[in-house]
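**Student:** Chains as they are written, first to last, in this note's numbering: chain A, 52 to 760; chain B, 128 to 380.
Take the hints with a grain of salt, since some may be wrong.
Simulated restraints, written as ranges between beta carbons of each label pair [stated by the list, open to error]:
no.: 1; chain 1: B; residue 1: L233; chain 2: A; residue 2: M305; range: 48 to 54 Å
no.: 2; chain 1: A; residue 1: Q294; chain 2: B; residue 2: H187; range: 43 to 49 Å
no.: 3; chain 1: B; residue 1: P232; chain 2: A; residue 2: G253; range: 36 to 42 Å
no.: 4; chain 1: B; residue 1: S209; chain 2: A; residue 2: K278; range: 45 to 51 Å
Derived lysine-lysine pairs resembling BS3-like cross-links, with alpha carbons at most 27 Å apart [to be verified]:
no.: 5; chain 1: A; residue 1: K247; chain 2: B; residue 2: K151
no.: 6; chain 1: A; residue 1: K331; chain 2: B; residue 2: K226
no.: 7; chain 1: A; residue 1: K248; chain 2: B; residue 2: K182
no.: 8; chain 1: A; residue 1: K247; chain 2: B; residue 2: K182
no.: 9; chain 1: A; residue 1: K542; chain 2: B; residue 2: K141
no.: 10; chain 1: B; residue 1: K257; chain 2: A; residue 2: K248
no.: 11; chain 1: B; residue 1: K235; chain 2: A; residue 2: K393
no.: 12; chain 1: A; residue 1: K478; chain 2: A; residue 2: K463
no.: 13; chain 1: A; residue 1: K329; chain 2: B; residue 2: K141
no.: 14; chain 1: B; residue 1: K151; chain 2: A; residue 2: K468
no.: 15; chain 1: B; residue 1: K226; chain 2: A; residue 2: K264
no.: 16; chain 1: A; residue 1: K247; chain 2: B; residue 2: K141
no.: 17; chain 1: B; residue 1: K226; chain 2: A; residue 2: K542
no.: 18; chain 1: A; residue 1: K478; chain 2: A; residue 2: K462
no.: 19; chain 1: B; residue 1: K235; chain 2: A; residue 2: K397
no.: 20; chain 1: B; residue 1: K141; chain 2: A; residue 2: K221
no.: 21; chain 1: A; residue 1: K400; chain 2: B; residue 2: K235
no.: 22; chain 1: B; residue 1: K235; chain 2: A; residue 2: K478
Hint data in this document are derived by calculation from the structure and do not stem from the laboratory. From the three backbone atoms N, C-alpha and C, an ideal C-beta is built for every residue, glycine too.
Spelled out from the first residue to the last, the chains are:
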Amino acid sequence: DRQTLVAVLQFLRRSNLRESEEILRREARLLGDDLAGNVATVATSSPGVAAVAAVPPGKGEARGDSPSSRREPREAGSPCAARSLRGSPLCWDTRVGAVVVEDQPDVSAVLSAYNQQGDPTLYEEYYSGLKHFIECSLDCHRAELSQLFYPLFVHMYLELVYNQHESEAKSFFERFHGDQECYYQDDLRVLSSLTKKEHMKGNETMLDFRTSKFVLRISRDSYQLLKRHLQEKQNNQIWNIVQEHLYIDIFDGMPRSKQQIDAMVGSLAGEAKREANKAKVFFGLLKEPEFDVPLDDEDEEGENEEGKPKKKKPKKDNVGSKSKKQDPNAPPQNRIPLPELKDSDKLDKVMNMKEAARRVRLGPECLPSICFYTFLNAYQGLTAVDITDDSSMIVGGFADSTVRVWSVTPKKLRSVKTAADLSLIDKESDDVLERIMDEKTASELKILYGHSGPVYGTSFSPDRNYLLSCSEDGTVRLWSLQTFTCLVGYKGHNYPVWDTQFSPYGYYFVSGGHDRVARLWATDHYQPLRIFAGHLADVTCTRFHPNSNYIATGSADRTIRLWDVLNGNCVRIFTGHKGPIHSLAFSPNGRFLATGATDGRVLLWDIGHGLMVGELKGHTDTIYALRFSRDGEILASGSMDNTVRLWDAVKAFEDLETDDFTTATGHINLPENSQDLLLGTYMTKSTPVVHLHFTRRNLLLAAGAYSSQ
Amino acid sequence: MEAAKMASPKSAPKDAQVMAQILKDMGITEYEPRVINQMLEFAYRYVTTILEDAKIYSSHAKKSSVDADDVRLAIQCRTDQSFTSPPPRDFLLDIARQKNQTPLPLIKPYSGPRLPPDRYCLTAPNYRLKSLQKKVSSTAGRITVPRLSVGAVSSRPSTPTLGTPSAQTVSVSAKVGAPVSLAGQRFTVQIPSSQPAGKSATPTTPTVQNVLINPSLIGPKNILITTNMVPPGAAEPNPLKRKHEEDDDYDAL
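Here chain B stands alone, though its shape is the one from the complex (with noise of 0.2 Å):
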């Protein structure tokens, strides 16, 4: 965009001759045309910001009228507020001295990546996964998918960050068909573990697969709809539970 001259005096408003005027006096030869309405919107806004400010102080004092003493009041307690000037010049100079002092820290040699610890970096994940026992199939119009669960072992998050999501976040229950309560809007994915359905009684700790998370089976309450894929068999003991699970699921709404 072209940084043009002032607006040309015959077509503009006079507020907006004002403004262009006001820039000249503070040296300011160029600047985009849009800027005189900035301003002016600004000014009109922090205006009617302190005159509000300052009705209310007066009315507070019982005034008749809104006089100097008000709007002064309102500007000083407005410019605390929205315009913050940086320390002064005596108190920089005191935390510096104070910072100063202190010796430079020694370097461990061969500490690998030098960063803060890790609550002041930005490496930590910022999602959480959570196994999710799988959901009855027997209830109607749900989709038989695969189900990926994921393992109490390092589970693989599939994007890149620097610091793995603790075991520990990723709960397993060994049981094949309890439901977990889902927490929040989180949708949990299970991964059907590729033994036979005769095995699914016993609790082996199914190993990770890809955890990939494809969106379109996503339904509308958030959750990823699976279906069991072991017999319904397994799926019986808990149809208590299952009431529970799909309570939750409104709750999550």
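The shape of chain A in the complex, shown without the other chains (with noise of 0.2 Å):
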């Protein structure tokens, strides 16, 4: 009743509602002080408000979880903090004030979040009767509105433990989580720790999840039955319960059978909502600058912008694409400013367009050849890899937190040489580059020192100069290739960092961590550019597009979202895995994206239309490396299960249904044809395979670390 006050006076004083809120608050001063006392011992019992209260928004340890600072009260004999209030009980509401951060729909969480819904002890009759009920309805309905059994029985279980109800919350634990599908058993697993509301404070998933709503996909049909059910007098509770933790997102069409439907559930958010898959994504890859290749004879014609008709006809292709319109599906080149091209970038260009030429075609008949780099000696260790995009290095991030850095060509990895010496070369000399190179530092690794905490990822910037290592430490690190020494450390994550990438252009990068954001930089800001949040749980792989104007996360909450980097707005959520993402590669035409988790399968995407086009069953353990070929026709994926497995993402690509039913509803209708797209399976002895590159020639290049049982 009081709570409900507070609360209210929040949302007038947010929406500017002056005079109501002075009048409001004028008669509430009858129960003021009260009120005030009351409020006080709110405050004070959860040190989290507290804390909340002390700090400005701005910093981080704001807790503003306001259900629990509104369920304090019921506490009976709630302890006094030792911690010391902010000013005198006055000010409560400018401390409480601080608290509610959140948007409207959080306020009215608030407000409904906290009644009670009926008696505790009934909660098991509750569940009992609609699980009756939802196992006599018809078949054709029976498996959308099975749907419903996992998050009413996580929200009511948490429901009960936040209330204090800690005998009937075990016992409906009890009677109940065998019923579950399987796959949401490492949750229920989770959810049996969790016994205490004290329990729940830190767990920022389980609190994310009680805020907010699950989504769920019913047809109209299954939708009436369930609310004609619901609204009958007996069952308002339940009815009240579903109306304040999901969100039924109906659709008018054919109920979904079971095989549908476990395609795609499993995420902690239940599915995405319709229309979080509406916009517009500019899945089309930019544009290359055309120049002529410097050819046998030396053409030195010089460079031509996107597309400006030439002078002179070119003895081979362009560099650039053919056509001289716009893309519809491209982004314009300016969306987003990204570093000019130098001239070592067109040279690598150049270099990159000749060995295209002497490229493999790969097929079914066609597989490529695979060479796998073993780390002998890293005691599981090693947890990440990266290769360079014309495979001439390789770097291993490790748990003892060094940077190793080989090569894998004969040449040796040189430093620049010291400042002294440098005066003395000839600056004119053709082999100016070369000379700068100091060849007694000449080695075929290097190490790198500076983290302090395993190295989780890392990543070569595409003109070889820079690396980029993340680490348990919280930090990002940016290392110079030339010198071989660190020139920046980026801290933001407060927590470990679980994947970084250098854009595919270079100059950004993004990084993703265990404080469930994604964060792009760029190298000459020390601070991040953009802010990714939205998750549910920690984002532990992160991919550019191709275009570098979208940004790929996957998370542990079991979702892959994509967002864009010109106002961090999330345009894509894909759902489907069953445990948390691993490993995401996008296609080399930018369309369609490649995902792999735990649960052993690899999801595709097709961006444009937000839907899954395609499963690929094979692999039994994490997939940790995905890879498209150099021309899009193979997708390479390496697992724990010690084998890397090709297929034919041609094939898996193509008839795709895209009629106005699939494309509105979302559905589609996935066909059990991973036997057929599977090209092959390439077994190791016992080392799990980290990383898959495709070298410029379509050689498959794996890495592992060699795991002796």
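Please dock the two separately framed chains into a single complex, following the hints provided.
**Tutor:** Structural data, given as structure tokens:
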């Protein structure tokens, strides 16, 4: 009651209804001291709230768990915290005001959330009643309505724990946890250890789950059925719970089969709302600047930018695309600022084109050769691997916090000479780039020290001048590959950073970590440029789209989100995996995304339509590496089960059903064709595959650390 | 090391069996045997810390014994100290909204390596070279060694760094022979200029030669023991200063 008052006052203040707020506050002053005293106990008994109040929202310590602060008075005899209160009880509103930072829906969540939905002892009755109803319903509806079991079970259980009905919570859990789907077992195990309210406080994922709505997609017929049943008088409580915690996305059409549903569910937030996947995504590639290839006859024509018609016809194909018209699906060239092309980059592109001319055309008849780089004596400490685009260097990040760079080619790694020696060389000579290198430092291996925790992600820059590494110590480090020293440490995540990657054009890089956000950085800014917040659990994998305008993040909440670099919006949410996602790969044409997770499945997604278009079953353990071949014909996947598998990507992406129904509802019938698409399985003796890389000529390189069991 | 299965129940003490059961309940099936010991140690340390805190709180509240409220309070306070958790979702959404509103900055072309301002980089040298005016050789027991003086003009560091130490960190007194007080533990280095003795009185800036700090020359006081190859006549002018310097030597210990 009093808390309602508090929340209403916050709401009025935020909507700038000052006068009404004043009037209400004046009238509420009758309860004033009582109120203040009570809220003071509220604030004190929850040190989290006090911490929030004491710290402006700008700092990182805020705990905005308003539902808990509202519930405090229910505790009998809550202890008074030793923590001193900021200011007198008269400024209680400003303090509590600092807590409510969220949008309006959360205020209403606050208002309704603490309303205890009926008698805790009857929760089991409600649930079993609903269960009975669903099991007796028609087959076609049953699959869809069964989706309700898991979210309702979790929310009711958390409700009981929150309101401190421990014994009821335990018996509720005992009775019904066996009924849930097998893919929720990990979550249920975590839940079984949460028996007290205090346990929930540290678990951000569970808190987020409680305050966010679980999305279900149900056909209109099934929904009507459910609604009619729940609105009968005795089932009112469940109806309230459903309304409060679930978001039911209704579609018109045939109810889905169990198989269809099983393919799409599994994430911590249910499925994705259809509107979430409706935004336009520019998945096309950026136009390469065209310039003539200096061929054998040294055709020094000079560069022409983006498709202006040339005077002289070049002898061979251009580097860029032939069409002069803008691809409607490609982003405008200047949508996001990109670094200009340097001379060395142009040389690199020329090399790339030459290599591409000698590229092996892969296909079901012509499988790539696989060259495996095994890290010996790593003692299970190899945590990250990356290979440069031209396959000249390989880097390993280790659990002993070192980063080791090896040269793959016979050419050794050299660092630049000291300033003393550099002043002595002849700057005008043609091979000045060779002369600046110090022959005395030539070695095959360079070890980089600097991190203070295991290195979980590494990434070479496209121009091979820089190396990024991210670690459990919360920093991302930029290393120079010319001096083999550390240049910058980017601090922002204060928690382990699980993955990082340079943009395909250099300059930008993305990192994702335990704090559930991904950050976009530029090498010359010490703070991130963009923060991508929205995941419910750790961000475990981050990848740039080939056109550098979008970033895909895979998370431990079993969803993949696609973010727009320009404004930080989430433009796609893909659900369907049943475990944390550990690998992502964009197809070279930018249209498709392949993802691998701990459930051993590779899922294929059409980015433009926002649909799942394929499921590749075969691996039996976590998939840590995914890579498309250079022209997108083959998808290679490497897993902890010590195998590399090759899949036919061309066949997987043809014959897409994109009729109106599919695009409207997002349902697709996935054919069971994993076996047809599997082109080969290659086993290593006992080396889990951590990284895959196609060279410019389509030779597949794989890397892993030998583990002796 | 091989990941072992659970410890054999017969030989393990009860605590270890309980811990093994906990690990099994949480779904962890493969772990090295050391893990149980580490977990037990952590549990012991955590519980004793909490109980000690609870004792303090209960004695502060003048209670005769520790009760559940004290323990609860102790847990709450410790949780916020030792086990910080990431910021809550609404806070993250808020700061994300703020950050994402600013447009992406334009990239200046042809600006060399794109790095943040120097104070945010790790490229600055983390040492400074300071010149020491030569100590007089007449003090007994000192070894004669050619001295290196670091010039005011660009000194050449022996380690490759991207930034050169700024010239002004090195001070050279033109007058050869005037001792400079030592600061802290820094040892300083001087090169004898290859000038004949006669020129030593003229204030010439010695040219830089290779700065090679040979650790074997560093004496027990962490000061490079050098002697003056310049004729003692030049060293005479400041006997008082020399004394100061000796005091400083001791101070520098």
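**Student:** Against this structure, judge whether each hint is valid.
**Tutor:** For each hint, the structure was consulted:
1. Between L233/B and M305/A the CB atoms are about 51 Å apart, so this pair conforms to the stated range of 48 to 54 Å.
2. At roughly 47 Å, the beta carbons of Q294/A and H187/B sit within the given window of 43 to 49 Å.
3. For the hinted restraint 36 to 42 Å between P232/B and G253/A, the CB-CB distance of approximately 37 Å keeps it satisfied.
4. As the Cβ distance of S209/B to K278/A is approximately 48 Å, the hint placing it in 45 to 51 Å holds.
5. Taken as a hint, the K247/A and K151/B pair is honoured in the structure, with Cα atoms around 21 Å apart against an allowance of 27 Å.
6. Under the criterion of a C-alpha separation no larger than 27 Å, the hint pairing K331/A with K226/B is consistent with the structure, at around 22 Å.
7. For the suggested pair K248/A and K182/B, the alpha carbons sit about 23 Å apart, so the restraint of at most 27 Å is met.
8. About 23 Å separates the Cα atoms of K247/A and K182/B, which keeps this hinted pair within 27 Å; it holds.
9. Distance hint between K542/A and K141/B is unfulfilled; the C-alpha atoms sit about 44 Å from each other, more than 27 Å.
10. With a C-alpha separation of about 61 Å, the suggested pair K257/B and K248/A falls outside the 27 Å cut-off, and the hint is violated.
11. Restraint check: the Cα-Cα separation between K235/B and K393/A comes to about 13 Å, which is no more than 27 Å; the hinted pair holds.
12. With a C-alpha separation of about 23 Å, the suggested pairing of K478/A with K463/A holds against the 27 Å cut-off.
13. Taken as a hint, the K329/A and K141/B pair is broken in the structure, with Cα atoms around 58 Å apart against an allowance of 27 Å.
14. Restraint check for K151/B and K468/A: the C-alpha separation of about 56 Å exceeds 27 Å, so the hint is violated.
15. At roughly 25 Å between alpha-carbon atoms, K226/B and K264/A fall within 27 Å of each other, so this suggested pair holds.
16. Between the alpha carbons of K247/A and K141/B the distance comes to roughly 26 Å, so the proposed pair stays at or under 27 Å and holds.
17. For the proposed pair K226/B and K542/A, the alpha carbon gap of about 16 Å is at most 27 Å, so the pair holds.
18. Straight-line distance between C-alpha atoms of K478/A and K462/A comes to about 23 Å, which keeps the hinted pair within the 27 Å bound.
19. The hinted pair formed by K235/B and K397/A meets the criterion: a straight-line CA distance of about 18 Å does not exceed 27 Å.
20. A hinted pair counts as satisfied when its Cα atoms are at most 27 Å apart, and K141/B with K221/A qualifies at roughly 26 Å.
21. This hinted pair checks out: K400/A and K235/B have alpha carbons roughly 22 Å apart, not beyond 27 Å.
22. Using a Cα cut-off of 27 Å, the hinted pair K235/B and K478/A holds, with the two alpha carbons roughly 26 Å apart.
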